[in-house]
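Number of protein chains: 2
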Amino acid sequence: MDYRFSDRVLALKPSVIREILKNSSDPDVIPFSAGNPAPEAFPAREIAQISQAILHEHPIAALQYSITEGHPPLRQTVSAYMRAHHQIGRENDDILITSGAQQVMQLACKVLCNENDVVICETPSCIGSLNTFRSSKARLRGVAVEEDGMDMQALEQALKEEPNARLIYTIPNFQNPTGVTMSLAKRQKMYRLAKQYNVMILEDNPYGDLRISGSPVPAVKSFDEDGIVIYAGSFSKVISPGLRVGFSIAPKPVTQKMVVCKQADDVHTNILAQMICNAFINDYDYSGHLEHLRTVYRRRVQLTTDLINRYLAPYGITYHKAEGGLFLWCTLPKQADMQEFCRRSAEKKVCVVPGNAFLVDESAPCQSFRLNFSTPTLEQIEKGVAILAETAAQMLR
Amino acid sequence: MDYRFSDRVLALKPSVIREILKNSSDPDVIPFSAGNPAPEAFPAREIAQISQAILHEHPIAALQYSITEGHPPLRQTVSAYMRAHHQIGRENDDILITSGAQQVMQLACKVLCNENDVVICETPSCIGSLNTFRSSKARLRGVAVEEDGMDMQALEQALKEEPNARLIYTIPNFQNPTGVTMSLAKRQKMYRLAKQYNVMILEDNPYGDLRISGSPVPAVKSFDEDGIVIYAGSFSKVISPGLRVGFSIAPKPVTQKMVVCKQADDVHTNILAQMICNAFINDYDYSGHLEHLRTVYRRRVQLTTDLINRYLAPYGITYHKAEGGLFLWCTLPKQADMQEFCRRSAEKKVCVVPGNAFLVDESAPCQSFRLNFSTPTLEQIEKGVAILAETAAQMLR
Numbered sequence: 284m285d286y287r288f289s290d291r292v293l294a295l296k297p298s299v300i301r302e303i304l305k306n307s308s309d310p311d312v313i314p315f316s317a318g319n320p321a322p323e324a325f326p327a328r329e330i331a332q333i334s335q336a337i338l339h340e341h342p343i344a345a346l347q348y349s350i351t352e353g354h355p356p357l358r359q360t361v362s363a364y365m366r367a368h369h370q371i372g373r374e375n376d377d378i379l380i381t382s383g384a385q386q387v388m389q390l391a392c393k394v395l396c397n398e399n400d401v402v403i404c405e406t407p408s409c410i411g412s413l414n415t416f417r418s419s420k421a422r423l424r425g426v427a428v429e430e431d432g433m434d435m436q437a438l439e440q441a442l443k444e445e446p447n448a449r450l451i452y453t454i455p456n457f458q459n460p461t462g463v464t465m466s467l468a469k470r471q472k473m474y475r476l477a478k479q480y481n482v483m484i485l486e487d488n489p490y491g492d493l494r495i496s497g498s499p500v501p502a503v504k505s506f507d508e509d510g511i512v513i514y515a516g517s518f519s520k521v522i523s524p525g526l527r528v529g530f531s532i533a534p535k536p537v538t539q540k541m542v543v544c545k546q547a548d549d550v551h552t553n554i555l556a557q558m559i560c561n562a563f564i565n566d567y568d569y570s571g572h573l574e575h576l577r578t579v580y581r582r583r584v585q586l587t588t589d590l591i592n593r594y595l596a597p598y599g600i601t602y603h604k605a606e607g608g609l610f611l612w613c614t615l616p617k618q619a620d621m622q623e624f625c626r627r628s629a630e631k632k633v634c635v636v637p638g639n640a641f642l643v644d645e646s647a648p649c650q651s652f653r654l655n656f657s658t659p660t661l662e663q664i665e666k667g668v669a670i671l672a673e674t675a676a677q678m679l680r
Numbered sequence: 284m285d286y287r288f289s290d291r292v293l294a295l296k297p298s299v300i301r302e303i304l305k306n307s308s309d310p311d312v313i314p315f316s317a318g319n320p321a322p323e324a325f326p327a328r329e330i331a332q333i334s335q336a337i338l339h340e341h342p343i344a345a346l347q348y349s350i351t352e353g354h355p356p357l358r359q360t361v362s363a364y365m366r367a368h369h370q371i372g373r374e375n376d377d378i379l380i381t382s383g384a385q386q387v388m389q390l391a392c393k394v395l396c397n398e399n400d401v402v403i404c405e406t407p408s409c410i411g412s413l414n415t416f417r418s419s420k421a422r423l424r425g426v427a428v429e430e431d432g433m434d435m436q437a438l439e440q441a442l443k444e445e446p447n448a449r450l451i452y453t454i455p456n457f458q459n460p461t462g463v464t465m466s467l468a469k470r471q472k473m474y475r476l477a478k479q480y481n482v483m484i485l486e487d488n489p490y491g492d493l494r495i496s497g498s499p500v501p502a503v504k505s506f507d508e509d510g511i512v513i514y515a516g517s518f519s520k521v522i523s524p525g526l527r528v529g530f531s532i533a534p535k536p537v538t539q540k541m542v543v544c545k546q547a548d549d550v551h552t553n554i555l556a557q558m559i560c561n562a563f564i565n566d567y568d569y570s571g572h573l574e575h576l577r578t579v580y581r582r583r584v585q586l587t588t589d590l591i592n593r594y595l596a597p598y599g600i601t602y603h604k605a606e607g608g609l610f611l612w613c614t615l616p617k618q619a620d621m622q623e624f625c626r627r628s629a630e631k632k633v634c635v636v637p638g639n640a641f642l643v644d645e646s647a648p649c650q651s652f653r654l655n656f657s658t659p660t661l662e663q664i665e666k667g668v669a670i671l672a673e674t675a676a677q678m679l680r
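Taken in sequence, the protein lines are chains A and B. Position in the first sequence (first residue = 1) + 283 = our numbering. Position in the second sequence (first residue = 1) + 283 = our numbering.
Worth flagging that the hints you see were computed from the coordinates, not collected in a lab. As the structure is a prediction and not an experimental result, all values here were calculated from the model. Certain hints may be false.
The list treats identical chains as one, so a pair stands whether inside a single copy or across any two.
Said to hold, decoys possible - In silico SDA-like pairs for lysine to any residue, Cα to Cα no more than 25 Å straight-line:
#, residue 1, residue 2
1, K420, S466
2, K632, Q347
3, K420, D290
4, K296, E623
5, K420, R287
6, K535, Q370
7, K535, E508
8, K420, N397
9, K420, N447
10, K666, Q585
11, K443, D290
12, K632, I350
13, K478, F288
14, K420, F288
15, K478, D290
16, K472, Y286
17, K296, P355
18, K535, R287
19, K296, R358
20, K478, R287
21, K443, F288
22, K632, P355
23, K632, I343
24, K617, S646
25, K666, I343
26, K443, L467
27, K535, F288
The whole structure should be built from the sequences, with the hints applied where relevant.
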């Protein structure tokens, strides 16, 4: 048969990372390319206990159809938690539980953007989200990421030039891939600009609880008195990504439309997983668990940056000193061929992600690559950096 | 803020059924409007055992990120099962595990239909699927459902008149809402027409294993030597809907595009749920379980149709004698006001779904309502039919 595909998928390519991952199930590969939580980050024993209790005490509730909005006790838990800890949520906001936070990006774009409408994005940014917007046939307009977050002059320029801009997409904490945290001043400026130009902000915060140094910066959603911010939260990095549970907190009219779309997309999110998240937050030491995660990742960042300083810095490779998250954004010296560096390292079974994969325009020049420190073991991190240093020695002398 | 929504969601309404369901958490309501498996249909004890084993033996695998295509052992299990039991799957086909079967409809439409392309549907048909197509801004063209399935003359007419038709959507077994099963001759004719007009078939079969009388009819996908059929399967009705696990079996080029879209939509389906389904099919008496379900539903159909014959037939209310599935499609006499019948019954806390909700054009005349016999208890079924008879006595004398 002559398969004719829709225009929206013709341009869409599989995520470079997922493709790399698929080929890196080889246990000999050192997966600096992934974004998986560390094995020691999973509350596996607690989840086993919780599941057993749920499936003995409420089996039908856990296994039956439910409402699209999400398991009501989890919605209440998230609502109370986000108000108490992050000053997020106003009278006019509502919560939707989603099948991972990525679904928030998909739904937000679906309800707000017609084809060819514009999503203003940080560039580089999360590949998954960029592909979500692309798959709705939104047009992407990139705004550069500086040391303290989005370039605000470029953002204002974009808002002026794009009358069909419908969303500003940002990861303000430990941005994927750069690790950059947006300053408070820039968050406030972005909020004012969004309000002025009548464009909604989509604030994606999967890593916010994984701060390992410095002081927390208030969420953009915490100043949202005007109902212009859609906040995307996730349990993937703090409980389990395999469970696929995320949530949005957004103005009620927007949430209502997202609910109708989610009904049509996947009816509702897995109920057992929602009940597990709810019980873990309420019945266990959730803040102790988050502190444990910070300890795990602090140790990994420390090791990784020590090794980079020792073995890669001498070749002129630099990195952004992230205060949290799961990634280090490393940059090769000007004259170096970044793609070739990644390719040669991959041949030695050390996988990092070429930075241009994260760009709005993937063909733009890029000297950086993304290095994840949560997936490999500590031994793999040591071995992996040594192999990157080998590649550097071959190419950068 | 002035919220401007995309054209694709402006026209979309919440599913009538889900809205009814939301308001019918009232335990006094008799939920003939739902589509939930009966409580005694859940293999709850087995799922509790399986979950415990998985979370003790393979906790990290169950909780970590995985690949979009689905948990590889489950894909193998489904592949082997569908070949052995249904002659489904050829060299050129591939399996994708989805977050419920509804996601198959969403992905198929997303990869094949541009906005304003046409999906040819049975009318009436599953509201969830119709809304999925609407939410992608596909245009629906309805083809009437006869006693033995889609009207083939009307289908051919539609194919002639709609050069932008991209999909023929059908539920060939115990169709939702009519309960109709498409005859073998019509399945073959539909296949020939689809091939002739170069339009793919989307075969949705959530109820196929719930046959309670008559003989199985081969799946349309079982004759697919040409790679023109996308088959949607579901574990919602046979294991658990809350787990949200379904699958597609489709030609490789189509599956590849669906995978890329699913990556962008929700990354992958909950892994623990995939592992539960896989273990249940392989390690337990799956065919015995299906036989148990058939016994459960046979008893419920028998009771419900006995009651309808006794209490509603005298008022001229008829129904299609379905050979399986979860629904009875009941039709009021010509002069009766169906909407009013449903409204009055709902006031007495007996909820059925007005038939026009399932139509491609919801404003078209309709004398039928859908009555579900799997959700209410046997006592509720008795009481509910008696109350429907009360409404009939008021309105149809």
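I want to check one pair: K472 and Y286. Are their C-alpha atoms no more than 25 Å apart within a copy, between two copies, both, or neither?
between (48 Å within a copy, 21 Å between copies)
Since the copies are identical, ignore which copy is meant and state whether K420 and N447 lie within 25 Å (CA to CA) inside a copy, between copies, both or neither.
Both: 13 Å inside a chain and 19 Å across chains, each within 25 Å.
Up to 25 Å between alpha-carbons, please classify K535 paired with F288: within, between, both or neither.
Answer is between: at 13 Å across copies they meet the 25 Å cutoff, but 35 Å inside does not.
Since the copies are identical, ignore which copy is meant and state whether K632 and I343 lie within 25 Å (CA to CA) inside a copy, between copies, both or neither.
between (46 Å within a copy, 23 Å between copies)
Evaluate K666 and Q585 at a C-alpha cut-off of 25 Å and name the case that applies: within, between, both or neither.
within (15 Å within a copy, 68 Å between copies)
Using 25 Å as the alpha-carbon threshold, which applies to K535 and E508: within, between, both, or neither?
within (13 Å within a copy, 49 Å between copies)
Up to 25 Å between alpha-carbons, please classify K535 paired with Q370: within, between, both or neither.
Within. Shortest intra-copy distance 17 Å satisfies the 25 Å Cα cut-off; inter-copy 48 Å does not.
When no copy is specified for K632 and P355, does a C-alpha distance of 25 Å or less occur within a copy, between copies, both, or neither?
Between. Shortest inter-copy distance 23 Å satisfies the 25 Å Cα cut-off; intra-copy 46 Å does not.
Checking K535 and R287: alpha-carbon separation at most 25 Å within a copy, between copies, both or neither?
between (38 Å within a copy, 13 Å between copies)
For K443 and F288, with the copy left unspecified, which applies at a CA distance of at most 25 Å: within, between, both, or neither?
between (34 Å within a copy, 21 Å between copies)
Within, between, both or neither, where K632 and Q347 count as close if Cα-Cα is 25 Å or less:
between (45 Å within a copy, 22 Å between copies)
As a check of your reading, is K296 near E623 (CA-CA no more than 25 Å) within one copy, between copies, both or neither?
within (21 Å within a copy, 51 Å between copies)
In terms of the numbered hints stated before, the structure departs from hint 1 and from no other.
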